[in-house]
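There are 2 protein chains.
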Amino acid sequence: MKKERRPIVISRVQPAVDDGRYPVKREAGDRLTVTADIFKEGHDILAAAIQYRSQDTPEWQESPLRLVDNDGWAGSILLESNTRYWFTIEAWTDRFASWVDDVTRRAQGGQADLTSELLEGARLVTQARARAAGADADLLESVLARAGTADAQEARLDAFLQPAVREAVCRLQERVDATRYDRELEVVVDRVRARFAAWYELFPRSQGKVPGRHGTFDDCIERLPDVQRMGFDVVYVPPIHPIGRTGRKGRDNSLTAAPGDPGSPWAIGGLEGGHTAVHPDLGKLDDFRRLVSAAERLGMEVALDIAFQCSPDHPWVREHPEWFYHRPDGTIRYAENPPKKYQDIFPINFNCEAWEALWDELLHVVLFWVEHGVLTFRVDNPHTKPFDFWRWLIREVQERHPEVVFLSEAFTRPKVMRELAKAGFSQSYTYFTWRNFKEELTEYFQELVGSEMREYFRGNLFVNTPDILPEVLQRGGPAAFQMRAALAATLSPLWGIYSGFELCEGAAMPGSEEYARSEKYEIRVRDWSSPGNIVDYITRLNAIRRENPALHTLLNLRFYPSDSSQVIFYGKMTADRDNVILVAVNLDPFAAHSATLAVPLEEIGISAGETYELHELLSDERQLAHEGSVAIELAPATSPARIYRVRRWRRREQDFPYFR
Amino acid sequence: MKKERRPIVISRVQPAVDDGRYPVKREAGDRLTVTADIFKEGHDILAAAIQYRSQDTPEWQESPLRLVDNDGWAGSILLESNTRYWFTIEAWTDRFASWVDDVTRRAQGGQADLTSELLEGARLVTQARARAAGADADLLESVLARAGTADAQEARLDAFLQPAVREAVCRLQERVDATRYDRELEVVVDRVRARFAAWYELFPRSQGKVPGRHGTFDDCIERLPDVQRMGFDVVYVPPIHPIGRTGRKGRDNSLTAAPGDPGSPWAIGGLEGGHTAVHPDLGKLDDFRRLVSAAERLGMEVALDIAFQCSPDHPWVREHPEWFYHRPDGTIRYAENPPKKYQDIFPINFNCEAWEALWDELLHVVLFWVEHGVLTFRVDNPHTKPFDFWRWLIREVQERHPEVVFLSEAFTRPKVMRELAKAGFSQSYTYFTWRNFKEELTEYFQELVGSEMREYFRGNLFVNTPDILPEVLQRGGPAAFQMRAALAATLSPLWGIYSGFELCEGAAMPGSEEYARSEKYEIRVRDWSSPGNIVDYITRLNAIRRENPALHTLLNLRFYPSDSSQVIFYGKMTADRDNVILVAVNLDPFAAHSATLAVPLEEIGISAGETYELHELLSDERQLAHEGSVAIELAPATSPARIYRVRRWRRREQDFPYFR
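First to last, the sequence lines map onto chains E and W. Under our numbering, the very last position in the first sequence is 769; numbers go up by exactly one each time. Under our numbering, the very last position in the second sequence is 769; numbers go up by exactly one each time.
Warning: the hint list may mix true and false statements.
Copies of the same chain look alike in the list, so a pair counts if it fits in one copy or across any two.
Unchecked claim - Distance condition first, Cα-Cα at most 35 Å in a straight line; then the derived DSBU-like pairs of lysine-lysine: (1) Lys-112 <-> Lys-524; (2) Lys-112 <-> Lys-393; (3) Lys-547 <-> Lys-450; (4) Lys-112 <-> Lys-450; (5) Lys-111 <-> Lys-318; (6) Lys-449 <-> Lys-112; (7) Lys-524 <-> Lys-111; (8) Lys-547 <-> Lys-393; (9) Lys-524 <-> Lys-547; (10) Lys-318 <-> Lys-393; (11) Lys-547 <-> Lys-112; (12) Lys-547 <-> Lys-111; (13) Lys-393 <-> Lys-524.
If you are wondering where the hints come from, they were derived from the structure by calculation, not from laboratory data. Everything numeric in this text was worked out from a predicted model, so none of it was measured.
Produce the complete structure using the sequences and hints provided.
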């Protein structure tokens, strides 16, 4: 074995995903806390620093680490920009600090003669002096002059022990034993909307006002103010491309389309073009650009669907048959999951021999839409395409356009979902849709918040999708819609609805989670103000989210005790505890439930017996409390959820209405 | 970013220490269980294998992994030899298994025409046929012949689905998507005694029979049968080298030695030589060799002390002053931890400019003693020398002599102790010596057993050392000695005593853990059969250890409930539950305590209400029980500990004495 010197152990550097194989995710403006174990043999005093650079600022910068305890160190860096950062750690022996420690212990231990120690101190200062300039040089020069006088030993020692001398020498001295951590860890810093946003999904062709007539981008533009008033940030539209005719599905996913049936938007590609074309009935590319601009003007953005698959009529089928799967008889295979068949869709063979050209073309598709103003993509079924494809594609896009956000639409095995997030997806669909009970909700969110997933997996809680009408919504009526919306909007900074949810649409195909008369196969023109809608409720939820910074992040989520198995109780607070939100939700849409909630007074910083205010934000009602137990009743018909802002009474009297 | 293909994700490969930066430890004859997460996109069926090699057998070998659940895989390899192994994982798409799955689902789903699928199957079999020979070739040939007939489709399909065909094709087919884990993980396989041994520490110079006269290696040889009768495996002796005269310490660590004071054996080196010489009063090198052989004949071995430090009279001080620390005035620094001073010892500067020559010489010292028959070393204060020195030294020694075992004598901060074990030490001293209460013992051992430490840290529980006479032994009398011995001998497969323990020697320097009249500074001739000794107790403990394989390993340790805060209750069992040991210890040496123990019947495999036997092995008393609660009283004067062997009554009647 070769003799090697790595004098200092630097280990357990955090945050890191899978020991640094994948980047961690943060958002612009965050402060990244870095921790590590750093030590060497013996008793020398060490120093350490975070070294970091970014795609924007490729020169290494440095920020100090400090010893916390038990050989654990911590420090932080500010992630200013929406770009990629890399960081590592360097540690070294702080010779001068070690000398100060040694000589101090000798002096305090009563060692009479410190001549030898003072000579060593002078040597260290002399070395630092050689690297010093300006005020540093003057300061060190004065210490050395003092050391050379015939002053009393104690006075000469004191000259060395001045804090300013220590600071200067420690900064200027050679980094003896300098050791660097064996990895550079990556941080993908996204824009804040990657973490905090409310999504609204709509089918553009259904946005017209005349039943049966194909909606247009202009109809969408007219709908935008409604969506903005409800408080949504992202308007996500299913594929807007030409739809194939071969194998086209009819209403309710029937095998044969009737004349006039529009087909599934995910059967992409026809005579009119493929993934970079728009469906002629929606308008032209310029109309789409106008939609994007209109959303922008309202403070929103349009998210596009990326579904890398083709209808049999897609131009690629003709131009690049080598990109598809072939049967022994030479025909191209349609999508199947035996015994299910999807005759209107040809899957792409990502591992075909021409894979490099194929991948380039798929990247070109994404970049095309980025150039047309789209900064957010919802990616269809990413778990059926190779992880290394996504890793490459997302990095290629974000290196050019770091502001681009990708949402992974994978509902599959847990490790596959996590791997897609590790591979680069900014956000992920979750199992929330199927978590209805207190224990399973608690367990799932504790995993998102408490495991390594916290570093890379941003769950976007959709309450419904065109493919998923959860059973609780089919059966639970408006109370269920309110309950699920309140959960999604407050558990997570990312949530979304698929349009129709606000109208409490709950009709399903029998025995399934599929919508009856699914918009995937027909045009559905709706009355957006039809009776029984919960538009106001959703609007209030989004307003509460926006006004309360505690709800802008996931990782502060904590669950608290409630003595009812039907009532879940949780909270979020900002680091300064200035904004504290507590949420209680009745998970049973069919019956009222009472519960006693255990308000975490100590965490909030409220002393025992102190009076505090509970401001219920949905109803705007306020109550005073002065103990930790709060009894409530939640009746689904009136209010399945309570969202409290907690305010200390004494500390900030001006916040309390009696004193306004 | 370069396009890369790593089609299959292989992650969380275990066992690994710090993501494979350090080896895991096992012992010869162990089966190493390997687990990993393995998956790719989509629904293909995968196959995977452990690939491994050893220093003895450098060619890669392979052992299969099987899917357990949720994308988790497991397999194992046999670690036959005392050498180093490396393993990694390869995974690939099992095309034929995927085809079998697909065609089976189609057939079961009622697809009428399977012509295309059968053609694909034939293509895969044809490819495998091209790589086949002998019986494989004949088998595949017959399937292809059958596929080409005009037989009914079902019959042709059945030919493909024969288990033998599946096995052969899966074995012979090309490994499509073959992906290898990104690390090779190392396993240091020690001999079994690295895991399971009882140690006995003695000062050779105290083994004579005439008070005041320096003992010899021959005296040690005469003492060996005593030690062997007590059941010890390793006889560890402090340094046997010449002792310096300059700065020699007197009795009780006094600053000046009186004439005739022998000095500390750790002040190594004098006119007679250094680390490769023996103290002339002990005998000659040949006498030492005879001691090593005598121990061997008794089934024991001699462990030497490695203390890399020098007395001022050591030959290296003269020959290699560059290996030491120098003061500004050119004199060599003695050891200090201000305000403490150790004038009889010069520390070595492992980071001096001539470090490479120094390290080579230190390696030479270890190899010298290995060549003189020493296979176990107890290393003094390793935490004051660089970790990378130990990493290098231990690997250099073990690559030549894999049977060599190193015990780390570090009592320092937890991460430093762990790092030494990671760096290669086979065994480590522990905090056991200072863990007296139920919660702290439980917590410490749960860390050793339940954290990553289980993979690399083998704690050797010394009940005392020449430096540590724990307070409980100073105050608790013989009951405390029995209690601590019972704990050490049953909690851990590695335990040790420093001689005098069996005589319940408990006199300390006031207010310290140092022995009064410490053997470090004087010769102590003892009457090994003096009244009040616990030789029989220790002999019984070691016999129980030897006879019960459950006590040969640490990692099966489990703590069970006892309702007394003074009575700790734990157990160990072999994997087949054939040997089940339960231990209850009264931790209070001053008073009797009663407790109700919760016997873990389900873990042991005893049904509710089933009769079982508790065989107390210290007293050889037996009792029958048929429920999980067992009430006991432990009186320190008679028996501070009970060690039960649990036997099911019905299953093995011949084990039960009534039936013998």
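Quick rundown of the hints versus the structure:
1. Lys-112 <-> Lys-524: between (40 Å within a copy, 23 Å between copies)
2. Lys-112 <-> Lys-393: between (68 Å within a copy, 34 Å between copies)
3. Lys-547 <-> Lys-450: Neither. Shortest intra-copy (37 Å) and inter-copy (63 Å) distances fail the 35 Å Cα cut-off.
4. Lys-112 <-> Lys-450: Answer is between; shortest inter-copy Cα gap is 32 Å, intra-copy 62 Å.
5. Lys-111 <-> Lys-318: So Lys-111 and Lys-318 fail the 35 Å test inside a copy (78 Å) and across (49 Å) alike.
6. Lys-449 <-> Lys-112: Intra 62 Å, inter 33 Å, cutoff 35 Å: inter-copy only.
7. Lys-524 <-> Lys-111: between (39 Å within a copy, 25 Å between copies)
8. Lys-547 <-> Lys-393: The answer is neither: 48 Å in one copy and 77 Å across copies each exceed 35 Å.
9. Lys-524 <-> Lys-547: within (23 Å within a copy, 39 Å between copies)
10. Lys-318 <-> Lys-393: within (20 Å within a copy, 107 Å between copies)
11. Lys-547 <-> Lys-112: For Lys-547 and Lys-112, neither the intra-copy (57 Å) nor the inter-copy (44 Å) Cα distance is at most 35 Å.
12. Lys-547 <-> Lys-111: Neither way: Lys-547 and Lys-111 sit 57 Å apart in one copy and 46 Å across, limit 35 Å.
13. Lys-393 <-> Lys-524: neither (41 Å within a copy, 65 Å between copies)
Checked against the numbered hints above, the structure violates hints 3, 5, 8, 11, 12, 13; every other hint is satisfied.
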